[in-house]
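Undergrad: As given, the protein sequences belong to chains A and B, one line each in that order. Just so we're aligned, residue 1 is where the first sequence starts under UniProt numbering, counting upward by one. Just so we're aligned, residue 1 is where the second sequence starts under UniProt numbering, counting upward by one.
The hints are simulated quantities; they were obtained by calculation from the structure and are not laboratory data. Only a predicted model underlies this, so the values are computations on that prediction, with no experimental measurement involved. Any given hint could turn out to be false.
Between beta-carbon pairs, the in silico distance windows are [unchecked claim]: (1) A:Pro155 to B:Gly70: 34 to 42 Å; (2) A:Pro76 to B:Glu200: 44 to 52 Å; (3) B:Gly228 to A:Gly96: 45 to 53 Å; (4) B:Phe201 to A:Asp24: 53 to 61 Å; (5) B:His78 to A:Gln124: 52 to 60 Å; (6) A:Gly228 to B:Gly70: 41 to 49 Å.
Far from chain B, by Cβ distances over 10 Å, these chain A residues were calculated [as the list claims (entries may be wrong)]: (7) Gly39; (8) Lys52; (9) Asp72; (10) Leu77; (11) Glu120; (12) Gln121; (13) Ile138; (14) Arg199; (15) Gly228.
Even glycine gets a Cβ: it sits at the ideal position worked out from N, Cα and C.
Number of protein chains: 2
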Amino acid sequence: MSDKAIINEVGLRDGLQNQPITVDTDTKARLARLLVDAGMRYLEPVSFVSPKAIPQMADAAALTPLLPKGDDLHFPLHYTALIPNLKGYQLAKEAGYPTVALVLSTTDSFNERNLRMSLEQATQSCEAIIAAAKADGIATRTYISGAFACPYDGPVPVTLPQQLTERMFAAGSDEVAIADTIGAGNPQQMKDIMAPLIREFGAEKFYVHLHDTRGLAAAMAWAAADLGVRRFDASIGGLGGCPFAPGATGNMATEDLVYLLESAGLKTGIDVEKLRAAVTLAQEATQRPLGGRILSWMESQEKQGKTPCLW
Amino acid sequence: MSDKAIINEVGLRDGLQNQPITVDTDTKARLARLLVDAGMRYLEPVSFVSPKAIPQMADAAALTPLLPKGDDLHFPLHYTALIPNLKGYQLAKEAGYPTVALVLSTTDSFNERNLRMSLEQATQSCEAIIAAAKADGIATRTYISGAFACPYDGPVPVTLPQQLTERMFAAGSDEVAIADTIGAGNPQQMKDIMAPLIREFGAEKFYVHLHDTRGLAAAMAWAAADLGVRRFDASIGGLGGCPFAPGATGNMATEDLVYLLESAGLKTGIDVEKLRAAVTLAQEATQRPLGGRILSWMESQEKQGKTPCLW
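The following block holds chain A by itself, in its conformation from the complex (with noise of 0.2 Å):
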């Protein structure tokens, strides 16, 4: 099994959607560049919505030019713009994104609420755009959302995610997230869920995309990298959140991740001291307070004239 581990930093997308103030493009521009700085190598920067619908979004196109370079840089840097369907897949392409994350619900209710499809609508929408995706070579992570509850209906039971993931991947799908869209799952979920689709399809397919709600994102992630995933989402500072689910707050903090991560041997790349600039800069433009529990720690540790120690 591979001890690289790589973490997709989704804050400027799903940190971001959600937030009662719409942070404007150059700010955004900014915290690419100081996670970059700190090792990050795959982002999610935007997503190609309706800007009714999500106003924070809607600097999509011209945020893109904006963003860290790999050519410039001399290391390749991969970037994913979220799109809910197939409008927005045009939009992606225009901008020259190499790759798309499709979002399929598990219920009805909870498509209809984000994307006004049912289930099946829903599952057909995303196997046109992953044709479309593979006519043009452009890569497709589809996002299985609510794969453990949705925020609905309640609990979701594991084939459902499995039957998705397996209708996904039928389809074309280069990837697939099991995202836990609103952090009311549990690790053993996870592995009930990830054991066998990681057997059929093998773990280097999967990303997995946490919610700290109920403080068991670190367990989960574990769960999931002790099967062998090696892919996992995570928002800069714990910032996050979806607005059409009630009650999901906080993305798993890319620093906590990180921490959790190389604590245990695998390798990030990412620097959790170097982060704490995006930490900053994340707070000062949605004027709240963020920040992992590893933050927390290496807080008090300061305050008592420490130098946190990590490693």
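Add chain B to chain A, keeping to what the hints say.
TA: Showing chain B alone in chain A's frame:
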């Protein structure tokens, strides 16, 4: 593997021993009663240590007769007294404790500060206490303190807690508790330490004792549960820390551990909702904000006018 999990409440001991405020005996007894009312059946309410060193525990003998009695309640209650040495053992025996908890730290530095003994002296002291307890028919649980890291010497190789565990079982200890006293461990380390020990001695012989200093307690508890461990320490509201271990803030909160284990399908017999009264009393008694992550979530739900639905 059993689906029954045991949580040993150490809030009254590990939780209160380093609070600036010494909680009075009657309040401690009330707190024990609230914990038992919530379903707690295993409690470590006292330690028989020097009242000069730890004045917060000076009322150990006075508190003991005030604790809820299983005979009155018609269900068994399992009490443990922590003891640092043979003198403490005698006091615990006189007070009628059926189980004593011994402490063996992993390094010379830590034993020196805790017990004014070298590692070898402390090991022999534990062996002597275990022999005395065996002769008296008193059960022993030996804590391997600093099993993941020492507050003075840093990370500890996994072979060290393993060797000390083997020696304690060889001496006749009934149980061993693997303790991340300063909350600096990680779930991979938990696996590396515990998996061989469980193969050798069986999961039912082990407790795991965690501090959530750096935010990894839930991940480590899950790593242990996933290996079959079914016995855990926890502290109401996350109260706690070790007076001789700098940086050891906060045991894993009882309510977070109950939520983790129950959500994953294990049966603790403890009611998170009913634990809230104990958290409130612990807050009042120590005059500091307390409460695990699941309580923060429940409170945020209530602020939004919703009834938190845990399961």
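Undergrad: None of the hints should be skipped; say for each whether it holds.
TA: How the hints compare with the structure:
1. A:Pro155 to B:Gly70: 34 to 42 Å: 36 Å, holds
2. A:Pro76 to B:Glu200: 44 to 52 Å: With a Cβ separation near 47 Å, Pro76 of chain A and Glu200 of chain B satisfy 44 to 52 Å, so the hint holds.
3. B:Gly228 to A:Gly96: 45 to 53 Å: With a Cβ separation near 51 Å, Gly228 of chain B and Gly96 of chain A satisfy 45 to 53 Å, so the hint holds.
4. B:Phe201 to A:Asp24: 53 to 61 Å: The hint (53 to 61 Å, Cβ to Cβ) holds, given that Phe201 of chain B and Asp24 of chain A are roughly 60 Å apart.
5. B:His78 to A:Gln124: 52 to 60 Å: Since His78 of chain B and Gln124 of chain A have Cβ atoms about 57 Å apart, the given range 52 to 60 Å holds.
6. A:Gly228 to B:Gly70: 41 to 49 Å: 46 Å, holds
7. Gly39: Fine: 20 Å to the nearest Cβ keeps Gly39 of chain A off the interface.
8. Lys52: 25 Å, holds
9. Asp72: 35 Å, holds
10. Leu77: Answer for Leu77 of chain A: holds, closest chain B Cβ roughly 28 Å.
11. Glu120: 28 Å, holds
12. Gln121: Per Cβ check, Gln121 of chain A is outside 10 Å of chain B; nearest 29 Å; holds.
13. Ile138: Its Cβ never comes within 10 Å of chain B, the nearest being 35 Å, so this holds.
14. Arg199: Consistent with the label, Arg199 of chain A stays out of reach of chain B, its closest Cβ about 17 Å off (over 10 Å).
15. Gly228: Correct as stated: the minimum Cβ-Cβ distance to chain B is 13 Å, above 10 Å.
In terms of the numbered hints stated before, the structure departs from none.
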